[in-house]
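Engineer: Protein chains in written order, with the numbering used here: chain A, 2 to 108; chain B, 4 to 341.
Source of the hints: derived by calculation from the structure; they are not laboratory data. On a predicted model such as this, the values are computed, not experimentally measured, just so you know. Glycine included, C-beta positions come from ideal geometry on N, C-alpha and C. Be a bit skeptical, because a hint or two may be false.
Claimed, not checked - Distance condition first, Cα-Cα at most 16 Å in a straight line; then the derived EDC-like pairs of lysine to aspartate or glutamate: (1) Lys266(B) with Asp33(A); (2) Lys215(B) with Glu70(A); (3) Lys131(B) with Glu105(A); (4) Lys131(B) with Glu79(A); (5) Lys215(B) with Glu105(A); (6) Lys211(B) with Glu79(A); (7) Lys52(B) with Glu70(A); (8) Lys81(A) with Glu234(B); (9) Lys81(A) with Glu224(B); (10) Lys211(B) with Asp72(A); (11) Lys66(A) with Glu186(B); (12) Lys81(A) with Glu91(B); (13) Lys265(B) with Asp40(A); (14) Lys135(B) with Glu231(B); (15) Lys239(B) with Glu258(B); (16) Lys127(B) with Asp33(A); (17) Lys102(B) with Glu91(B); (18) Lys266(B) with Asp40(A); (19) Lys265(B) with Asp72(A); (20) Lys81(A) with Asp163(B); (21) Lys211(B) with Glu186(B); (22) Lys229(B) with Glu79(A); (23) Lys294(B) with Asp40(A); (24) Lys102(B) with Glu33(B); (25) Lys127(B) with Glu79(A); (26) Lys211(B) with Glu105(A); (27) Lys296(B) with Glu105(A).
Unchecked claim - Per the computed footprint, the stretches of chain B lying under chain A, defined by three or more beta-carbons under 8 Å from a beta-carbon of chain A, are: (28) 73–82; (29) 230–242.
Stated by the list, open to error - Restraint ranges, calculated between C-beta atoms of paired labels, are given here: (30) Thr332(B) with Gly69(A): 42 to 52 Å; (31) Asp56(A) with Lys229(B): 19 to 29 Å; (32) Gly69(A) with Ser235(B): 25 to 35 Å.
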Amino acid sequence: MAKIKYIEFNGTEHEAEVANGLSVMEGAIQNDIPGIDADCGGGMSCATCHVYINDDEWFKKLPEKEMGEDDMLDQAFEPKSNSRLSCQLIVSEDLEGLTVHMPEKQV
Amino acid sequence: MIKTDVVIIGAGPTGLFCAHQLGIIGLKCEIVDNLDKIGGQCIELYPDKPIYDIPAVPKCTGEELTNNLIEQIKPFNFNFHLSDRVQELKNENNKWLVKTLNGKEFETPNIVIAGGVGSFEPRKFPTKSAEKYDGKSVLYSIKDKTIFKDKSVVIFGGGDSALDWAIELSNSSKVTLVHRRDEFRGAPASVQKIKELSDNKTIDLITKYSIKDVKGNGSLESVEIKSESGESKVIKADYVLGFFGLIMQLGPIVEWGLNLDKKTIPVNTENFETNKKGIFAIGDICTYPGKLKLILSGFHEGALAARGCFKYARPDEKYRFEFTTASSTIKDRLGVKE
Numbered sequence: 002m003a004k005i006k007y008i009e010f011n012g013t014e015h016e017a018e019v020a021n022g023l024s025v026m027e028g029a030i031q032n033d034i035p036g037i038d039a040d041c042g043g044g045m046s047c048a049t050c051h052v053y054i055n056d057d058e059w060f061k062k063l064p065e066k067e068m069g070e071d072d073m074l075d076q077a078f079e080p081k082s083n084s085r086l087s088c089q090l091i092v093s094e095d096l097e098g099l100t101v102h103m104p105e106k107q108v
Numbered sequence: 004m005i006k007t008d009v010v011i012i013g014a015g016p017t018g019l020f021c022a023h024q025l026g027i028i029g030l031k032c033e034i035v036d037n038l039d040k041i042g043g044q045c046i047e048l049y050p051d052k053p054i055y056d057i058p059a060v061p062k063c064t065g066e067e068l069t070n071n072l073i074e075q076i077k078p079f080n081f082n083f084h085l086s087d088r089v090q091e092l093k094n095e096n097n098k099w100l101v102k103t104l105n106g107k108e109f110e111t112p113n114i115v116i117a118g119g120v121g122s123f124e125p126r127k128f129p130t131k132s133a134e135k136y137d138g139k140s141v142l143y144s145i146k147d148k149t150i151f152k153d154k155s156v157v158i159f160g161g162g163d164s165a166l167d168w169a170i171e172l173s174n175s176s177k178v179t180l181v182h183r184r185d186e187f188r189g190a191p192a193s194v195q196k197i198k199e200l201s202d203n204k205t206i207d208l209i210t211k212y213s214i215k216d217v218k219g220n221g222s223l224e225s226v227e228i229k230s231e232s233g234e235s236k237v238i239k240a241d242y243v244l245g246f247f248g249l250i251m252q253l254g255p256i257v258e259w260g261l262n263l264d265k266k267t268i269p270v271n272t273e274n275f276e277t278n279k280k281g282i283f284a285i286g287d288i289c290t291y292p293g294k295l296k297l298i299l300s301g302f303h304e305g306a307l308a309a310r311g312c313f314k315y316a317r318p319d320e321k322y323r324f325e326f327t328t329a330s331s332t333i334k335d336r337l338g339v340k341e
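Chain A extracted, bound-state conformation (with noise of 0.2 Å):
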């Protein structure tokens, strides 16, 4: 279980706990946090997850991404380099107090 905390682009700030091994995408959709589409559902094909980690330790200490998740963040709205898809972000007790920012929008 982890605090999580997501910022829509507008500034409101929602919290959720969220159970270990759900992702955070799935953290958002389950406690309907506006602002994260995940249109196919975490297979990592659409790019509507798609959240900033605004906090450079917090970015660094986040798993690597896997092959494809750039490929799927060029197709992203507004891709920076501290891009990350939340449908592959899972949560565990590592992640107790992180907090994603969201885009504009997801498209």
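Fit chain B to the known structure of chain A by using the hints.
Structural biologist: Frame of chain A; chain B shown alone:
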């Protein structure tokens, strides 16, 4: 006007197996899909990726699954209407009148929406200013490459479409390729070729930049690009091409008066009918308590929706359940000789 028992929207695995079930119980159907090929997400998103959870099939790719489903419905000779999209529905005397983008018309008592998460559309530039030139000098696909001859073309993207067109157009146009990072996801041979063309100055390759704005006065004149740290450049452009893959959009479905829950359609689990009589929804696009977005769930939903369609297509007949192993009627429909 084509009269049929069922119009299926979506030629993915769920739509295909629903067609099979309709054929088995003796109904006719017409299948419409906005892609130019059969298979839906399986063929568009992961043709080569193995799937491990199709019952009794330990492992198959999206393409193999699609080919097997096509084979399975072959005996019924159903028509496919590809590269087309159902645009309008109208109810008249308990029949649905269906119109497609390409002007086809159907009359049917039943519509099965097996639309996945919507139809695939190209992803567009996020910049508002690009909309003005959309379809004229800002393009997301190429129909006629001769229009680029001797023109300045700025291509965005890092996948095969972007690389292939950059290579192809570099013969007769001034090509600039812009990508947001140094790595490309295209085929290694194309990436190699792009690097060569860049080294010998045939094309301009600019990485770690993305689009900021397009500028022009009536016609497109230039495109402004920005780096993540805020630097910007202006490049002369007669055409701007964006290749960012496809995105799924619900499209006209939202205008048909169906109840919607986020991007899904609530259905009952008896026959997968929606709030509209004679409109069924199956596969990823439907939702109900316990819904799993698995292909096998779509198969189950399609089988039950097919029986739901029978009621409206043959109001005077009683549906009789039969096994394919035992029924001679079904074997006739399948053209099986014993």
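Engineer: List in ascending order the numbers of the hints, as given earlier, that are violated by the structure.
Structural biologist: 2, 9, 12, 14, 15, 16, 19, 20, 26, 27, 28, 29
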